[in-house]
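Participant: Given two chains presented individually in distinct reference frames, assemble the corresponding complex, making use of the accompanying hints.
Top to bottom, those sequences are chains A and B. Per the numbering used here, residue 77 is the first one in the first sequence, and the count goes up by one each step. Per the numbering used here, residue 4 is the first one in the second sequence, and the count goes up by one each step.
FYI, nobody ran anything at the bench for these hints, they're computed from the structure. Computed from a prediction, not measured in an experiment: that's the story for all the values here. No false leads were mixed into what you were given.
For lysine to any residue, the following SDA-like pairs were computed, each having C-alpha atoms within a straight-line distance of at most 20 Å:
| no. | chain 1 | residue 1 | chain 2 | residue 2 |
| --- | --- | --- | --- | --- |
| 1 | B | K474 | A | R318 |
| 2 | B | K369 | A | R397 |
| 3 | A | K218 | B | P92 |
| 4 | A | K217 | B | T94 |
| 5 | A | K84 | B | R319 |
| 6 | B | K474 | A | A459 |
| 7 | A | K84 | B | R322 |
| 8 | A | K84 | B | A315 |
| 9 | A | K218 | B | D89 |
| 10 | B | K474 | A | F463 |
| 11 | A | K84 | B | D314 |
| 12 | B | K474 | A | P316 |
| 13 | B | K369 | A | Q370 |
| 14 | B | K474 | A | L469 |
Residues of chain B placed beyond 12 Å of chain A at every Cβ, according to the derived structure:
| no. | residue |
| --- | --- |
| 15 | P386 |
| 16 | E727 |
| 17 | P870 |
| 18 | S893 |
Note that beta-carbon positions come from the ideal geometry of N, C-alpha and C, so glycine has one too.
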Amino acid sequence: MNPYMERKVELRWCEPKQSYDVVIIGGGGHGLATAYYLATRHGITNVAVLERSYVGSGNSGRNTTVIRANYGIPEAVRFYQRSLDLYQRLEDETDRDLMHMSKGVLWLAHSEMGVRQERARAEINQAFGAKTDFVTPEEVKKLCPPIDLSGGGVWPVMGGTYHSEGATARHDRVVWAFAEGAMREGAHVHQRVEVTGLTRVGDRVTGVETNAGPISAGVVLSAVGGHVTRIADMAGLRIPIRTHQLQAFVTNHYQLQFDPIVSSSDLLFYVSQTARGEMLMGAEIDRQPSYSYQSGHPFLRATAFRAMTLLPFLRDLRVLRQWTGVCDMSPDYSPVLGKTGVEGFYISTGWGTWGFKAIPASGEQLAQLIATGETPPLIAPFALDRFRRDRTLADRGSAGTH
Amino acid sequence: MSPGNGFRVDGAEVVFLNRDSLLDAMLRAGLHPTGGGCLCCAGDCPHCLATVDGVGYVRTCQVRAASEMSVSRDHQGGSYPPLSLDTPPLTPDSTGGPVRYLHCDVVVIGQGETGRAAAAEAEAQGKSVLALDVTEEAEVIGIYPGPLVVARSPAGMLHVEPGEIVVATGAAEIQPVAPGSDLSGIFTRRAAARLAAAGVELGRVVAIGEPPTGLQCEVVEGTLVRFEGEGSVSAVVVATAGGAQRSYSCAAVSVALGFQPRDVLARMANGIGGSLRVRVIGEAAKPADVPACPQEGIVCPCSQVSVAHLDAVWDRGFREMELVKRATLAGTGTCQGGVCIPYLRSFLADRGAELQSPFTARPLAKQRTLGEIAAGAYYHATPRTALDAEHRRLGAQMERSGGWFRPWRYADPAEECHAVREAVSICDVSTLGKMRVSGPDALELLERLYPTPVSTLKPGRSRYALLLDEKGYVLDDGLICRDERADGPPRYRLTFTSGGSTLAELWMRDWAESWGLDVRLMNQTMSLGAINVTGPMAAELLFRAGTQTLPSFGGHGVSRVAGVSCRIFRLSFTGELSYELHHAAGDSVALWRRLLELGDDLGCRPHGLDALLRLRLEKGHILVGQDTDFDSTPRRIAHEWAVKLDKGDFVGRLSVLRTNRIPLDRQLVGLEMESPAPIEGAVIWHEGEFAGYVTSSTDSPALGRAVMLGWVATVDGDATLPAEVTIADRPARRVATPFYDREGQRARVVVETPAPTASAVAAGRGRSNATSLPRLEEVGDGSFCRVSLSRVVATQAAISELAEVFAGEAVCLRVAADEILVDAPVSAEQVSDPHALVERESGFAAARFAVETAADLLRATCEWCLPESRPAFAQGSVADLPVKLWLEESHVFFLVPEPFALELEQRLGEARS
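Same shape as in the complex, but just chain B (with noise of 0.2 Å):
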């Protein structure tokens, strides 16, 4: 052996040697981590805690010495480490640190001899083996079910996915309990021995019971009575059977009482239940041996329990095995009742005749920081619109809202709302849901989902509809649109809320299967950008843009709008003259920019959601989530005339007709007053009585005063609402919504059609804006882009025939039984199902990556198990995303919703470095 470096401890240097713990170090240099306590060199007490280059509660002497570490004796006598509160902060790319999935037959937990046999065995077998070895800083902090065995090691976290368990933790040597337990000089039979072989002077050792290995001591008969010493042990009394007691002294005591199996693990394993396959093996299977009950002395070092203590609150009726760790807190401390559970059986098993099962063992076995946890956390991640970066080029403040980030504000909403109401202005909607439904069976399934007649929309009109559910209260709201073509079975389109569309969709495909309707479905939110635009200038914009021709109120159809294709529907939000473009995502950023431009001289500038939310206020529009709660009927949100109650069965039906039964208790009303405006949440007070409270409230330049959405309470247990109310002590008015234009005059003014100008023809028939996208095939090494696929959802049959054709042609990826994404031009005629709905798709973002990089990627990102054949194409989560994989010999592609690629990408970076 030759001399290493040093370390500090208290700043103090310490040498150490080749091989060394830092206990191993400390004691050499005559420096008890904690003052004293019976040491046992193996991870099982809590005697050698310190706290090691700022993390506290570390044994020593379980972490390897090495240079430059920093050790502080925070632990001594039991006292509690300090906080250190000034951490520096995270950055916005933090994580926890590395961490690897992986899968095997069998995990084998401890390397023991046992545990070696067991790996050779089952490898001998044929079986993929992973050994977790403690002697390798491999540390397993818990089983948890799944399984998942989830495992620390010097190259960060493990996250093991085993189809088989061996425990083989050996056992832990049985503590002392008895008098002066908490000198120091106090070791276990093997920590004496392994200190001894490690070179550390442990002056005159007096064994009790069988003595350690490899050192010269004293074999003293008897039980043990008491230890005595000041700081150090300096003699230790026995007891011979025939009840004599005999001092021995010494500098050293060796202790050999027993074992205790380390069957932490075993036992969470074997709590799991289920199918999982669990064997422990060896030492750790034996059972406990239980030790006579103490007498005297600490029992649970942790936490500072005698024997005494345990009596006292036995004789005061705590005898229930958690009810004495509960009243004591014995157990409860940083060795989880490895050193007092058996003198607790014992004690208790005198006291009360029966021996009780140890404490439920719990995560974590072995006690990781936070920090090392966190490998492998991510945030739960936001979409962003392809208008993301204009957004924040132009300063907006950006905000999550309804699960996307989207402009709250770019400067002065008063402007903002200003442009809207005399000029015209812009804003990023693509966050609304958006859905396509076809099939024999569409116009049944949303006549059964809606409570607004379905089949009296004519081709090319909308519809405002509310979506209930089967208690009858508000689940969203949005638009039903009917597709132009008056052939064949009607097509439609449907909005929801932005937070809406992920539910709105389960919904639909679960009632849809539930009921055996025969539709397609294609969720189109993240594949459509929307842009509103809107104020009395809308038109003017538009046809500057080359549009031909504009729906009238309340329709829909396709038109160029600046070289872009775009369905337009005019409706309003707002209040004001609107159309809503929806186009391919990939050609929003150049619609954007076009709009601003052509718009610059009109005044025409983007809006955000504070604008967008006062703007439809002054119009009374409700906005579901902040406006209705999950118990609003439709007749509580004063939109009865949303639900025909006559129009045949649909889902919520029976309990609005129940409902509508019983007495109004409140209504969601429009309020005014003086400004300023009270604040959102305020409450309503009617004759000194709570009423209610405000849910939207904004102070309208339009009017010149504060207007208000609320709830209110009616008057006298009948339908009556207070005409007058008291808000933030000033007098408040209920008054009919709208608020702004009652007549609707400025939304539904007719657009005459100009005469076509030659720019506007240029600017529509002209060059195409639409982006050109490549396709999967085509995309680079490493970095996103968008692709252009094709997207087709029609019957399995149909989508089964489209996949033959184009095999060896394009990469296909089958991404559900009735939903294909080809990586070609597809037309209609090529699919064989009369109700298909086939897209263009520009809503993903895909790269490609090496075999060997992929490979790297996915074990840090990926938890589930790929599949082995090539090619082939599998989807779930990759670092907390919703990625799609295509699987070839030497490469791979990822493929993810655009809103999620730069959060993707920024993920998959921090895992390869």
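So here's chain A without its partners, still in its complex pose (with noise of 0.2 Å):
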């Protein structure tokens, strides 16, 4: 029998009410998150979350599982920060095996301004409470023994980051538990409920309507990946995001031998071992916006080239699969969340390709925000309005691929 199989779990689905003080749009990670922090911390729990198809069927089931702070500017290391900490206490609290497995984060630099810039890396997140050193090819050869340091001979490693806090955990495990805490304490979860528009009373969002028929709320919060533009558009926004491709692909499995998560920005690739065994490769978005979950051979002849030549064995392992999501890239590559400036309508969306490491604490933070109406400090610079206040978040450098 195998050992990853979901035990614990128990998912209990009724019938949707006309009437909910909360409506989240999504029953991704963000928007169940949302609901397990607004039923278990201030105990709001007349909350539905709407999924037009099964929870964590989108980006939450697609992504590549890593949690880290390696971020670049206070606001975003301090953010990641607090939801990677949330993270490590996640399977004591909700009692489920996420399969949570702090691994670290080595990121590879292969010229003298990549060098200069996880040095940058690691200064930033000393000064912030992350806990991500510099490292030299050597202390790269020791965290990591099958790095051909060489680079094939023309992408010699010079140095790195170690971020020794990364860590991955079971993207449909975190999906699970998170809907499971919020069901048990009352909250609905309805999937195949697919929101066709917003009704609106003067400026104000007073619910949605849906392909169930129409179910009004106290606030609705929208939490989607890929068409958050076209949520907003119903509620007469329009929002700085493209919708970009993010590719993935896996191995077959083999043994647990594989510890941190390689990631390289030079190369741009990233590799990790998942917990039951395969190797994982991604790498950066595909430049063209698009909706499409198809998956590229481009991507994954090019990613599996870069990644055996920093990691010669990889290229005997078989590809197994590989597939497709489809991230919402705000203009400075930070996430957009909170008021929008219409009554009774959040958003958090702009996840990028880093929106899994930020569930719990974007749940939390925005639970908080539907509370109390007021929007945390932890969140506070991440408002769609900091467009209009030219107070960007220039993150590039640091949002990397994973």
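Facilitator: Here it is as structure tokens:
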């Protein structure tokens, strides 16, 4: 019997009501976590999460499950460190096995400029509480012996950073733990309910139209991935988000022998071994905006080649499966969350390629916002109006690819 | 059949016969690859997996046995193979192996009877057909948008772009799900027949359902209940229609339980949608048989999921096919649901009264290694300047910077800095973006693009300018230089940062087209070399090199330096007297060497990027990309002086006006402190609060302290900046820039032209150092060399006329509607457009290949379809590089921007071997 079988989670489904205090659009990690924290932290349980497919069917079930806080600006380091801390406690809190494994993130540099960038990363991380150290090539080799420091004679490893608290958890388990936790407190999660419109009275959003009929709501939160511009449009909002493809692939299963998450900004790929033993690889987003879930061969070929440059043993492993998610990219590579200027309508988007690692903190903070009406300081910098206020949070260098 | 050689299984010799698969031979030797499970001998199940020659997850039924093969049974009992972490590293010329790019009207996947008939029919219609047959070890791994069919063949990977796809992959036999299904000795009906035909002794065979052909067996009636035995099957129990159970002792069981179409590729192709033409025929197109809902036993052998497990997750709310898959991991193993999908469907239909669809079909349909998949992949190419080999010869550490290889340092950067400050030094700045602009609307275009006034720029003068995007953020910076001639509409030369020229060209073309402006644009970044001669003795060196006239600060003009025609720009990034020599890239090496020779006794030495970055920092010059971010407004980087809001409209003006009304939050400022300099990226604190970070930092030998640029937050929500901050726990002061030579006297020093000496006259007028380059028609076979061409940018009509004039006389490559390369001298008088840009072009390298060689090379490096007429011109990506092809009957010329020539030559060399 495989040890990866889900054995505890119990999902309780029920029929939609006509009215809730809070309606959350999108049954992925972000929407479910918000429902979970509303119920467990604020006692708000008259909540429905609406999912047009099955829970976790979008990016929550397609991401590469990396948890890290080694960002490049203080606002992001603080926020993702909060999320990383919540993740570390989440198994105890929910009494569910999330297959959470602290394994460290090794970020490699292959040029003088890359080394400079990694030194800067370590510096800003340490200043804001993330455990990141600059490492020499010798230390890289010690942390991850299979790495070819010569980079195939083309991309020599000149240094890097090691983010010791970097971790992974199984994405589906996280989704289910939050769903179950919210359901247990009385929140509703409805699968196959698709939002087709927002009901508005004056300037205020008062509910949603769905394929299962209208549902009124005190507050509506959009926590969708990939199609946020369509939902925002229903609220009469134009938001600066473009949707791009992000692809990944796994090999077959092998014995667990590979520890850290290895990443290279110059070669644009990253790799880790999943709890089940697959080697998991990803790269950067496709430049062309798209809503398509179609996988492409150029990505697979290029990423396979770059990965085996640094980790030669990957060459003889067989690729099992590739897939695609879609990422909502903001102009400054930072998320957009909180109030929108439209009464009764909140938003959680711009999660780009880094949505999974943000799930607990985003859920916690948005729940606090919904419960109190006040934007918590941790997420205040990420408000939508920052673009109007010329207070963008440029974090291109560290947003990276995972 | 005659005995062949042997291969090794876990170290022991196994003898095989001709035409044996590895599985046939192993079974004959009594070795089940995984220890048990129903074998299909058709590549559908996970029960014959083994590690073969170091590669795990190989289906031994699909591999023809050969001597010297080494098989490890790493998959026994469902265990995972180990990672072999000590694989030897890649070498610089490693690729994934050969790849061939093919184009055809129809690709037929699967060569059973149906597939063969479809192929024959298409051929009879005169279509070009490619048949991919699994029995010839051609495995299709995926169908992608394009459409692109990717297959692995014994000769390497195939990338096929068909007009139509015919999927004739047949059907797989449904596997048994019952207690004991993991014993050995269980076979699908076809597998039993195949093994019997291969001479594998199966012992006493009981057949459930239709019996296998060519084999003695006992046929039993009823439905399968369980298999019994220790390790291998010794009895099978079936239930009759009446419910009674009966056991049959046996050594092997043949099961015939129906079929599941092998429709992964069909579903993959249909998922692409659009105009893709896909036909699914034969067994693959038939609806799947839905077996009875399993009662007990393993449903998914890859993930060891039993009926009890399915019930357990069902009862806890996991009721959608995808959720059941994710909760149990059924269908996520190496057969990707091939075995379990029929049973998952029948289970869910039984419990939920709804037949759910199989999960999404994703590549790879057949698994191959990363090494195989990487076939034909290349690293992103890094171009090299014409002086690349010179730098390497001088022992420079090369760095990829701004998309180019550049010398980081030759030896000690402090000595390089010293040479600039105290004597003279040269630096390869060929990577600078370089663009020419002419045409009736040239001034109008620049006036609308740049935030600085352009009309006031006098002939022969230049001006620093920022380039802004619509949001008012800094995109790039560089110079606007107006040509000397005073008559006619002005013409300009623009420079951009090394990494910025491609974007700048797109930016300019996009806006020119959007506004409908009549301009000619020529990007000369790869055509021109540029050497910066800098230091107090820079003029002395140039006079020694025979230069007659030097421009004054901010000016530029043409002069000969060491016999090479140069456009000399007098400006300064280092802070010292500087002359930037722009010249035909073909002359770079001669010019570089001569300058080093002539400057030897002056202490002239080259400096690299490291020294350059320090020198410019002492002058407080920003580096776009390092000191700026993508939301840097001119105000934020303290460059408001470079923006004239009252000059009329320009891109970004409205945004700058808007953001200027918002209180300033942070600014890029000059900072200094005692040495040692903190790292670039060091955090800046003010009164215990985060204030920003350092973007550039160096110890200044000239000043005896550390100087920095960095972001510092304003205080109290207004524009006040703190005077004192803390960096690396030490005090630092905000200071005005430049740090060094604040008045700029060194850079602006007035240079007197001396009376020419005899030796200088000799150096200047003597033999020309201009390198003589062959024409395209003169290049030799197989190896690339720099060629001399003419390059013309003009109106489409003028270019068409020119092409007619030279037709039959010289090779003409129409690279764009408004641009042509001609393999002959062209003078401006020959072009009917008065605004035409006509240049000698030495920025390309070319090689000639015989037509057969070229065809071979292109099949392995060129993904797109070539034209069929001859002669023909084509351009696009070849070996992932920007290549132009001139195709004649007997030979083909390959042209490539010279900075990529070395890389292309290597890549073609690999393709040929």
